[in-house]
Each structure stands twice: as structure tokens, then as C-alpha cells.
Amino acid sequence: MIGDHQHSGGRRLLVGDVIILSRLLNQAWSRFIARLFGVQRDQSLLITLIAAGAVVEGLQRGASRARQVGSTPPSLGDSFIGATVVKESMNSIVGVKSTDRPFVGTLIAAAVVTKLCHPVVSTAWRRGTARVRSFRMTVRSRYGI
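The sequence shown maps to residues 3 to 147 in the numbering used here.
Just so you know, not all the hints are guaranteed correct.
Said to hold, decoys possible - Have a look at the derived ranges for each label pair, beta carbon to beta carbon:
| id | residue 1 | residue 2 | range |
| --- | --- | --- | --- |
| 1 | G18 | L61 | 17 to 25 Å |
| 2 | R14 | R128 | 32 to 40 Å |
| 3 | D44 | F105 | 15 to 23 Å |
| 4 | A111 | Q62 | 17 to 25 Å |
| 5 | G130 | G11 | 23 to 31 Å |
| 6 | P76 | G11 | 48 to 56 Å |
Since the hints were made in silico from the structure, they are not lab data.
Ideal Cβ placement from N, Cα and C applies to all residues, glycine included.
Generate the whole structure from the sequences, applying the supplied hints.
This is the structure we're talking about:
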């Protein structure tokens with residue numbers, strides 16, 4: 003009986019922590035998107051959905067192309083062409099005054115650098131998953147679930 007009460011208290015504490023964390027992350031994400039694309043905070047959900055759709059489509063295309071062609075990395079010239087296409091696409095999405103939008107170039111540069119630094123990112127991913135496993139064990143021991 004006592005164990006059930008402690009188990010329930012741990013769940014309530016976990017739910018409360020998750021709610022607080024999700025609200026903080028939502029606020030931070032809305033501010034980040036508003037600053038990055040120069041839109042109001044109430045439009046950040048639409049921008050997030052569009053960006054997520056573009057990322058998923060790009061991942062699907064990249065994965066299918068990698069399976070068909072093999073694992074040959076793009077040349078430097080192909081990377082620059084791709085960056086130019088992305089930049090012009092962003093300019094057409096943002097509008098005529100796209101030069102007034104802060105950090106669009108930074109977003110494109112970050113995407114190119116991420117693609118070029120894939121081995122480092124994959125190593126970080128493996129280490130991150132190990133930390134997530136460690137975090138899960140900590141949560142289980144703290145909250146009793």
C-alpha cells in the first residue's frame with residue numbers, strides 16, 4: 003500500500019515536471035522562430051510545420067538517392083549549387099524584403115555545415131543516445147517508474 007502511494011507521487015511529480023518543461027520549450031521555440039524568420043509568435047507554428055515538412059521530404063529524398071546511387075558525397079561545387087538553390091527558395095518564401103529577415107543566411111550555412119560534418123554529428127548522436135539511456139535510468143530511480 004505504501005509503495006503504491008510513493009509510486010503515484012513519483013508519477014505526479016514527473017507529469018508536473020514534463021508540463022513545465024514543455025511550456026518552457028514551447029515559449030523558447032516560439033521566440034526562436036520569431037527572431038529567425040522575422041514573424042510574429044502566433045505564426046511560429048505554421049513556420050515550424052513548413053520547416054518540418056521540408057526536412058522530412060529532404061530526408062526521404064536523400065535516403066532514397068543514397069540507396070540508389072551509393073554513398074558518394076557531393077562535391078564542393080554541388081554543395082554550393084545546393085546552398086544557392088536553398089537560399090533562393092528561402093527568398094521566394096520570405097518575400098521581396100527577404101534581406102530584412104535576420105538569420106536566413108545563418109540557417110542555410112548551418113544546414114550546409116551539418117551536411118559536411120556528418121561523421122561528427124553521427125558520433126554525437128551515438129553519445130547522445132547513451133546519455134538518454136543514462137537519463138532514463140535516473141528518472142526511473144528518482145520517480146519510481
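Structure-based check of all given hints:
no., hint, verdict
1, G18 with L61: 17 to 25 Å, "violated (34 Å)"
2, R14 with R128: 32 to 40 Å, "holds (34 Å)"
3, D44 with F105: 15 to 23 Å, "holds (19 Å)"
4, A111 with Q62: 17 to 25 Å, "holds (23 Å)"
5, G130 with G11: 23 to 31 Å, "holds (30 Å)"
6, P76 with G11: 48 to 56 Å, "holds (54 Å)"
Checked against the numbered hints above, the structure violates only hint 1.
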